[in-house]
Amino acid sequence: MIGTLRGKESWTTLVLASAALGLALYYLHTQQSATPTDDKSPPADEEQRQDEDAHHISNAMAPAERAYHERFMREAIAMAELALKSDETPVGCVFVKDGEIIGRGMNETNRTLNGTRHAEFVAIAGILSKRPINILNETDLYVTVEPCVMCASMLRQYGIRAVYFGCWNERFGGTGGVLNIHSDPSVDKPYPVTGGIFREEAIMLLRKFYVQENEKAPEPKQKKTRELKTEILPMDVHQPKSTPSPAIRMPVNSASTGSIPTLSSLAASAASAVAVPKAAIPSAPQSRPTTARG
Amino acid sequence: MSTPPPLAGRLVPLRTKDEVRASLETHSVYVVEVPAKFANAVKDAVQAALPDFKTSDISHLRRVVQFKYLPPHLQKLFYPPARLPRGDEDDPASASLSASPASLPSAPTPPPPPPSSSPIGDGSEAAGGGTAAEDLHLVRYFLLCPTRHIQQTDLAAIIRTCPPFDGKTAPPRIFHVTVPALAPISAEQAAQWSDQYWPISYKNTNPYGPHPSLVQRNQDELQPEAGNWLALARAAGRQIADQCLGEKLGVVVVDRTRNAPEIIAVAGDCRWRSFTGTPEPPTGTGNVMAHAVHRAIAMVAKKRLRVAGTDPAYLDRSLFCDSPLTEVEKTYYDKDNISSSGYLCVDLDIYLTNEPCVMCSMAILHSRFRRCIFGNRMPYTGGMTADGPGDSSSGGSGLKNGLFWRPSELNWKFLAWEFKEEDKSADAVTCFKDTLHV
Numbered sequence: 001m002i003g004t005l006r007g008k009e010s011w012t013t014l015v016l017a018s019a020a021l022g023l024a025l026y027y028l029h030t031q032q033s034a035t036p037t038d039d040k041s042p043p044a045d046e047e048q049r050q051d052e053d054a055h056h057i058s059n060a061m062a063p064a065e066r067a068y069h070e071r072f073m074r075e076a077i078a079m080a081e082l083a084l085k086s087d088e089t090p091v092g093c094v095f096v097k098d099g100e101i102i103g104r105g106m107n108e109t110n111r112t113l114n115g116t117r118h119a120e121f122v123a124i125a126g127i128l129s130k131r132p133i134n135i136l137n138e139t140d141l142y143v144t145v146e147p148c149v150m151c152a153s154m155l156r157q158y159g160i161r162a163v164y165f166g167c168w169n170e171r172f173g174g175t176g177g178v179l180n181i182h183s184d185p186s187v188d189k190p191y192p193v194t195g196g197i198f199r200e201e202a203i204m205l206l207r208k209f210y211v212q213e214n215e216k217a218p219e220p221k222q223k224k225t226r227e228l229k230t231e232i233l234p235m236d237v238h239q240p241k242s243t244p245s246p247a248i249r250m251p252v253n254s255a256s257t258g259s260i261p262t263l264s265s266l267a268a269s270a271a272s273a274v275a276v277p278k279a280a281i282p283s284a285p286q287s288r289p290t291t292a293r294g
Numbered sequence: 001m002s003t004p005p006p007l008a009g010r011l012v013p014l015r016t017k018d019e020v021r022a023s024l025e026t027h028s029v030y031v032v033e034v035p036a037k038f039a040n041a042v043k044d045a046v047q048a049a050l051p052d053f054k055t056s057d058i059s060h061l062r063r064v065v066q067f068k069y070l071p072p073h074l075q076k077l078f079y080p081p082a083r084l085p086r087g088d089e090d091d092p093a094s095a096s097l098s099a100s101p102a103s104l105p106s107a108p109t110p111p112p113p114p115p116s117s118s119p120i121g122d123g124s125e126a127a128g129g130g131t132a133a134e135d136l137h138l139v140r141y142f143l144l145c146p147t148r149h150i151q152q153t154d155l156a157a158i159i160r161t162c163p164p165f166d167g168k169t170a171p172p173r174i175f176h177v178t179v180p181a182l183a184p185i186s187a188e189q190a191a192q193w194s195d196q197y198w199p200i201s202y203k204n205t206n207p208y209g210p211h212p213s214l215v216q217r218n219q220d221e222l223q224p225e226a227g228n229w230l231a232l233a234r235a236a237g238r239q240i241a242d243q244c245l246g247e248k249l250g251v252v253v254v255d256r257t258r259n260a261p262e263i264i265a266v267a268g269d270c271r272w273r274s275f276t277g278t279p280e281p282p283t284g285t286g287n288v289m290a291h292a293v294h295r296a297i298a299m300v301a302k303k304r305l306r307v308a309g310t311d312p313a314y315l316d317r318s319l320f321c322d323s324p325l326t327e328v329e330k331t332y333y334d335k336d337n338i339s340s341s342g343y344l345c346v347d348l349d350i351y352l353t354n355e356p357c358v359m360c361s362m363a364i365l366h367s368r369f370r371r372c373i374f375g376n377r378m379p380y381t382g383g384m385t386a387d388g389p390g391d392s393s394s395g396g397s398g399l400k401n402g403l404f405w406r407p408s409e410l411n412w413k414f415l416a417w418e419f420k421e422e423d424k425s426a427d428a429v430t431c432f433k434d435t436l437h438v
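Order-wise, the sequence lines are chains A and B. Residue numbers are given in UniProt numbering: position 124 of the first sequence equals residue 124, and the series is strictly consecutive. Residue numbers are given in UniProt numbering: position 87 of the second sequence equals residue 87, and the series is strictly consecutive.
Chain A extracted, bound-state conformation (with noise of 0.2 Å):
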């Protein structure tokens, strides 16, 4: 079955089919790993966690404080949508200020070729050309995938207020994916982050990316950008890869919210007993290379 989702069926199949998956590996993972010293062991109640994990947002907030923050990434992804009908790495954002939102952005590294052009920098770009600089430290940032490291430190030279984002960048994010550039020791002010809201869509949107550029280009056309590394597999945009800050509570792994599986959670719980099934996971563009995103 799994074999024959690989850009044909919808993306929703894949979800379903990601979604058992991950739970059967889930379990196989916490059998394997229930022993005591084992942190990275998920509790298996999905509410306890829920009282555990002020910063899932999507488990922990009150209704009201939820709704408010889901509002804004609604708007967020609606950006990401449009990034992915324009080709680019579905990534978009807003800046929000006393609840309106004043400036939008998607990324942009495709068509302008240039690889920092993350829709974070999109946004500011816009909203500085009307603002003062200063707006910054009363706004706060709604973005589909984790700031990479790049725009964590940006937005804190900036003074942003803080931070809430979808899914996590296991690749260069720098708000607890990879690294904490918002809270390690740095003369600039630290700024909280939130993780987790609408995490799934987040995911999928970057799923979509990836099937539609295979459909699109089967044969990579020039080897010399193989050796690039580029290939960047979705499923392991989601997941924290550090140790999250003592600052910041974040979920340590992201299995324990049991939809999706990760990329390390399937080597982890397949090495032994799996085999794990690659073609579930769409492979990265060939023929180009996948700029950043984040």
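Be aware that a few hints might be false.
[Unchecked claim] With a straight-line cut-off of 25 Å between C-alpha atoms, the simulated DMTMM-like cross-links for lysine to aspartate or glutamate are:
| no. | chain 1 | residue 1 | chain 2 | residue 2 |
| --- | --- | --- | --- | --- |
| 1 | B | Lys400 | A | Asp184 |
| 2 | B | Lys335 | B | Asp311 |
| 3 | B | Lys400 | B | Asp18 |
| 4 | B | Lys400 | A | Asp188 |
[Unchecked claim] The following residues of chain B were derived to be distant from chain A, with all beta-carbon distances above 10 Å:
| no. | residue |
| --- | --- |
| 5 | Pro5 |
| 6 | Ala48 |
| 7 | Pro81 |
Treat the hints as calculated values from the structure; they're not laboratory data. Every residue, glycine too, gets a C-beta built ideally from N, C-alpha and C.
Chain A is already provided as a structure; the job is to place chain B on it using the hints.
Coordinates of chain B only, in the frame set by chain A:
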């Protein structure tokens, strides 16, 4: 325009984050003194008792070492070697021949002399001098495992089950020795550690960074001309600062893949330029997105768009400040010397007057640059260095991110050097606040 005179100085490769860690991390291991021919029995017994211990963790350390190859401080500590029972004879030449295992345990064991009460040989040693010299060749110092794996009393009990300690003889001498926890990254480091800690086995690789020979080869290529491009970068910073549009910081992007080096882009810092293009008062951070690195990367992209027949102003935004503003920027922006088929900044080198901030370091990584060379470290804000402030006069301790080489975490890596200028002009060193983001 005339080219500025080159800076005089030398390239020094940056240490990666893992190299810094590998050079600092040590731990304690057990070393036991054992006759050469019993080393295997002891090894097997210890191995069997410690299933979690992987010998690959200590594969950079020589396992069995003769006295004469120990570093001086350990020779002093271990001297004199115990007079260990070693089976049926004391002659090392015949010992290697009499390998019949069955004969060994049953052979008559000469009673060992009582261990010397004083650690360093004095009168009592002088009497048996000839025998002591023989012992030096016969016993070996066997590195067992890191001390965290087992208590010393438990270890001693295991060793006492093995010959030659299984009889009612002298107890095994077990020592704690501090050794490097991780493998060396070069032959020089291996030699230094062998003298300082314990004999090292160097496998001619660098697991924690680029191989030294690769770094050297690239350095030899770049060294003769690095001063030129850094002088040009400085000129770019000076020109933009003269217009009060930014700090005296500049960047040069060079294509070194062809026969002659080709300058692709030159950009100065533009943080104090307003949306409308006028200078703004230099307070606060200024326009962070207009750091010189970002402007240079954008100019490379625009040149690629232009060569490909696309309007370079496509999706342009004034705040990015990515059009050339000074004479030197325009000179190189106008040259169509870049291929349209290239990808981002692959194969290009970037030269900077100062160590880039975390944001710009990651922008260089996102753009897939090949090599990065900068002038002055920025110990409060720089994102490239991994080992602290270096010899910078600043009080900052360095962010230690070492972003240029973190292959297990980030999706690109490249070589990076700092340029140690011979006579640093006051102009270059002191005109910035420590906390400035480059």
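Comparing the hints with the structure gives:
1. Lys400/B to Asp184/A: Holds - the C-alpha atoms of aspartate 184/A and lysine 400/B are around 11 Å apart, at most 25 Å.
2. Lys335/B to Asp311/B: Within the cut-off at roughly 16 Å; holds.
3. Lys400/B to Asp18/B: Given that 25 Å is the threshold and the Cα spacing comes to 11 Å, the pair holds.
4. Lys400/B to Asp188/A: Within the cut-off at roughly 16 Å; holds.
5. Pro5: Check passes; 32 Å lies beyond 10 Å.
6. Ala48: About 23 Å separates alanine 48/B from the closest Cβ of chain A, which puts it past 10 Å; holds.
7. Pro81: holds, 41 Å
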